[in-house]
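2 protein chains.
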Amino acid sequence: MIELAVDMMGSDKGPETLAQSVLKYAKEHPEVSFTCFGDEKVLLPLLQGKERIRVVHTTEIVPMEVKPLDFLRRRDSSMYKAIEAVQEERCQGVVSAGSTGGFISGATILLRNIEGVTRAGLCAAFPTLDPRKAAVILDVGANNVNTGADLVCFAKMGTIYAREVLHVARPTVYTLSNGIEEGKGTDEVVDAYRQMKETDFPGFMGNTEAREVLDGKHDVIVTTGFAGNILLKSTEGTAAMMNKLIKKAFLKNLKTKIGYLFAKPGFQEMRENMDYKKYGGAILLGVNGVAVKGHGNSDSYAFYNAIDVARRMVEARIVEKIGSMQND
Amino acid sequence: MIELAVDMMGSDKGPETLAQSVLKYAKEHPEVSFTCFGDEKVLLPLLQGKERIRVVHTTEIVPMEVKPLDFLRRRDSSMYKAIEAVQEERCQGVVSAGSTGGFISGATILLRNIEGVTRAGLCAAFPTLDPRKAAVILDVGANNVNTGADLVCFAKMGTIYAREVLHVARPTVYTLSNGIEEGKGTDEVVDAYRQMKETDFPGFMGNTEAREVLDGKHDVIVTTGFAGNILLKSTEGTAAMMNKLIKKAFLKNLKTKIGYLFAKPGFQEMRENMDYKKYGGAILLGVNGVAVKGHGNSDSYAFYNAIDVARRMVEARIVEKIGSMQND
Numbered sequence: 008m009i010e011l012a013v014d015m016m017g018s019d020k021g022p023e024t025l026a027q028s029v030l031k032y033a034k035e036h037p038e039v040s041f042t043c044f045g046d047e048k049v050l051l052p053l054l055q056g057k058e059r060i061r062v063v064h065t066t067e068i069v070p071m072e073v074k075p076l077d078f079l080r081r082r083d084s085s086m087y088k089a090i091e092a093v094q095e096e097r098c099q100g101v102v103s104a105g106s107t108g109g110f111i112s113g114a115t116i117l118l119r120n121i122e123g124v125t126r127a128g129l130c131a132a133f134p135t136l137d138p139r140k141a142a143v144i145l146d147v148g149a150n151n152v153n154t155g156a157d158l159v160c161f162a163k164m165g166t167i168y169a170r171e172v173l174h175v176a177r178p179t180v181y182t183l184s185n186g187i188e189e190g191k192g193t194d195e196v197v198d199a200y201r202q203m204k205e206t207d208f209p210g211f212m213g214n215t216e217a218r219e220v221l222d223g224k225h226d227v228i229v230t231t232g233f234a235g236n237i238l239l240k241s242t243e244g245t246a247a248m249m250n251k252l253i254k255k256a257f258l259k260n261l262k263t264k265i266g267y268l269f270a271k272p273g274f275q276e277m278r279e280n281m282d283y284k285k286y287g288g289a290i291l292l293g294v295n296g297v298a299v300k301g302h303g304n305s306d307s308y309a310f311y312n313a314i315d316v317a318r319r320m321v322e323a324r325i326v327e328k329i330g331s332m333q334n335d
Numbered sequence: 008m009i010e011l012a013v014d015m016m017g018s019d020k021g022p023e024t025l026a027q028s029v030l031k032y033a034k035e036h037p038e039v040s041f042t043c044f045g046d047e048k049v050l051l052p053l054l055q056g057k058e059r060i061r062v063v064h065t066t067e068i069v070p071m072e073v074k075p076l077d078f079l080r081r082r083d084s085s086m087y088k089a090i091e092a093v094q095e096e097r098c099q100g101v102v103s104a105g106s107t108g109g110f111i112s113g114a115t116i117l118l119r120n121i122e123g124v125t126r127a128g129l130c131a132a133f134p135t136l137d138p139r140k141a142a143v144i145l146d147v148g149a150n151n152v153n154t155g156a157d158l159v160c161f162a163k164m165g166t167i168y169a170r171e172v173l174h175v176a177r178p179t180v181y182t183l184s185n186g187i188e189e190g191k192g193t194d195e196v197v198d199a200y201r202q203m204k205e206t207d208f209p210g211f212m213g214n215t216e217a218r219e220v221l222d223g224k225h226d227v228i229v230t231t232g233f234a235g236n237i238l239l240k241s242t243e244g245t246a247a248m249m250n251k252l253i254k255k256a257f258l259k260n261l262k263t264k265i266g267y268l269f270a271k272p273g274f275q276e277m278r279e280n281m282d283y284k285k286y287g288g289a290i291l292l293g294v295n296g297v298a299v300k301g302h303g304n305s306d307s308y309a310f311y312n313a314i315d316v317a318r319r320m321v322e323a324r325i326v327e328k329i330g331s332m333q334n335d
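Residue numbers (our numbering), protein chains in the order written: chain A, 8 to 335; chain B, 8 to 335.
Don't take each hint at face value.
Where chains are identical, the list cannot tell them apart; a pair therefore holds if satisfied intra-copy or between any two copies.
[Stated by the list, open to error] Taking lysine to any residue pairs in the SDA-like style, the calculated list, with each CA pair at most 20 Å apart, reads: (1) K259 - E276; (2) K224 - M212; (3) K251 - E219; (4) K262 - L53; (5) K254 - R139; (6) K251 - Q275; (7) K255 - R139; (8) K255 - E219; (9) K254 - F269; (10) K20 - A156; (11) K255 - D222; (12) K251 - E279; (13) K31 - R319; (14) K285 - G303; (15) K255 - L268; (16) K254 - D282; (17) K224 - K251; (18) K74 - G190; (19) K271 - L258; (20) K31 - R59; (21) K31 - V49; (22) K57 - V175; (23) K254 - K271; (24) K251 - E276; (25) K140 - E10; (26) K34 - R59.
The set of hints was computed from the structure by calculation and includes no laboratory data.
Input sequences plus hints: build the corresponding full structure.
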């Protein structure tokens with residue numbers, strides 16, 4: 008049996024939406040059971056008496072913008088308790104759609120890094136031009152600054168994730184830089200490039216530029232947390248702007264509106280291709296336990312997929328595999 | 008009379024394309040004259056005898072991937088000579104569509120920074136959701152690493168550019184970070200934020216995230232060169248991917264193709280809105296002279312606009328205004 012802890016509070020869409028995901032997932036996956044943390048007045052009417060779902064009452068909610076110390080003070084919050092359930096090995100994974108900052112602080116403080124991991128990294132799967140392929144990028148925001156050694160560690164963890172969870176047989180690995188030649192970029196990028204080249208890192212292909220990351224040819228891309236966060240958010244922002252402009256183009260006049268009626272199936276396919284919700288959110292790789300962070304505005308489909316990522320990570324024994332990677 | 012130096016070689020599209028832009032611009036702007044550097048065997052048949060256009064023969068071309076020292080050795084290259092014409096004050100501005108690295112090295116080495124400028128910054132105007140508004144972002148790649156003081160200097164130069172060339176009356180200024188609260192981001196971002204807050208920097212609004220930069224509400228955004236380069240290229244890459252997906256959506260089947268015939272005017276408008284070519288390329292702000300770098304694959308329309316940016320910068324006396332900004 009796989010035991011997952013779920014932080015039911017603190018998401019933008021409210022506990023009802025997350026409860027739908029948990030109920031559906033439990034029904035379809037008899038091998039998974041849930042401990043759901045949150046206000047029992049809200050949760051019991053939604054979840055009481057359901058098979059393999061347990062509710063644990065908590066009194067606090069971690070706010071979206073929380074400082075690490077403030078997180079530690081909220082020991083009776085749904086997020087703290089959910090992470091603690093993994094720390095105390097009552098659950099194997101934790102899923103939350105609450106504060107990203109709180110979740111990263113909480114998971115790194117309570118679960119601690121796996122031995123040999125220099126820094127945990129937040130890992131996101133980006134949709135690409137190839138509908139069957141995601142680009143795994145880390146760190147997208149757990150850290151600000153990272154060393155070359157951190158980037159090499161991210162490369163190892165990202166490779167394990169791509170291989171074991173996304174089933175890419177031989178993942179290619181790239182350092183994100185401002186040019187493809189060796190020597191381009193900041194010191195830590197140059198250092199990571201050199202280390203991976205010298206050690207013949209499996210699948211290492213050199214630098215890639217931000218222009219290429221969505222072309223469907225990259226499996227794993229490593230970067231410092233600050234640069235990765237900019238990459239993630241500018242990709243989201245540009246895609247959101249383009250979607251608004253597409254809508255505006257079709258709404259221009261009666262003729263273009265008729266055009267939409269004809270073109271709709273093509274654009275539905277496009278929407279499915281670009282749908283980041285199918286990847287369920289971001290994963291904190293490198294801590295002692297499976298920790299998945301759904302988008303703050305996850306709908307029940309996105310949160311269902313976040314749960315699914317956690318289940319697949321537990322099944323694939325990702326934490327143990329990262330623990331033994333130092334021996335590779 | 009405004010004298011502009013043009014590097015006619017080293018672009019992807021060849022000197023013929025650039026010559027078209029120069030000819031058209033000279034015809035439409037009697038106040039501008041050109042010195043065109045490049046292989047006279049190619050250039051004379053295109054430009055000889057044209058009013059206010061002079062050809063200066065050069066024998067070398069700076070390759071796309073050039074190291075700074077290698078640039079300095081190519082003293083008879085079209086790019087070196089064009090920049091030198093500004094250094095020696097025979098021209099007031101230089102425009103090139105050749106190697107970006109070579110152009111940045113050459114312009115910073117030959118023209119040197121304006122007194123008081125800690126670092127020159129490559130500045131790009133990004134199209135936004137608001138068709139009448141561009142976001143001015145710097146540095147997008149002249150540097151790797153920058154200090155807080157550099158970012159404040161970028162903010163001053165970007166403000167002057169937005170005000171004098173883009174005619175924004177009171178430009179808003181933001182630091183690019185991984186969260187909007189004060190204290191978010193890397194040390195230099197936190198430092199720049201603090202300095203601009205303490206000095207009541209005109210228009211300073213705090214941090215912005217990469218997700219928001221294209222929403223049409225930001226006039227000037229400052230960032231380190233490495234992060235800015237990632238922002239620029241991921242915006243370009245995501246927009247390119249979305250454009251491919253739009254094309255694919257319309258080509259799905261006969262029905263969607265008919266849809267395109269109806270929707271076409273809306274999408275033409277969208278293309279115009281998103282057209283980065285209207286901004287003509289990137290500007291190196293902070294050196295003693297106007298230096299505009301067109302895209303390597305500039306067509307004659309894009310290069311025409313790059314020339315136009317140079318002319319507007321000379322007319323607005325941007326270099327003098329940056330020189331006196333330390334007294335603000």
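Status of K251 relative to K224 across identical chains (alpha carbons, at most 20 Å): For K224 and K251, only the inter-copy Cα distance (15 Å) is at most 20 Å; the intra-copy one is 27 Å.
Alpha-carbon proximity context of K254 and K271, limit 20 Å: both (11 Å within a copy, 13 Å between copies)
Intra- versus inter-subunit Cα pairing at 20 Å for K262 with L53: neither (47 Å within a copy, 45 Å between copies)
K271 and L258: within-copy, between-copy, both or neither at 20 Å Cα: both (13 Å within a copy, 12 Å between copies)
Alpha-carbon proximity context of K254 and D282, limit 20 Å: both (16 Å within a copy, 18 Å between copies)
Homomeric proximity label, K140 with E10: Cα distance no greater than 20 Å: neither (29 Å within a copy, 52 Å between copies)
Within, between, both or neither, where K259 and E276 count as close if Cα-Cα is 20 Å or less: Only across copies: K259 and E276 sit 9 Å apart there, 22 Å inside one copy, limit 20 Å.
Within, between, both or neither: K255, L268 at alpha-carbon 20 Å: both (15 Å within a copy, 16 Å between copies)
Within, between, both or neither: K34, R59 at alpha-carbon 20 Å: Within. Shortest intra-copy distance 9 Å satisfies the 20 Å Cα cut-off; inter-copy 79 Å does not.
20 Å Cα threshold - placement of V49 relative to K31: Classified as within: same-chain Cα gap 18 Å, cross-chain 70 Å, threshold 20 Å.
Up to 20 Å CA-CA - G303 versus K285, copy category: within (15 Å within a copy, 37 Å between copies)
Status of E279 relative to K251 across identical chains (alpha carbons, at most 20 Å): Classified as both; 16 Å inside a copy, 15 Å across copies.
Consistency with the previously given hints fails for numbers 4, 10, 22 and 25, ordered from lowest to highest.
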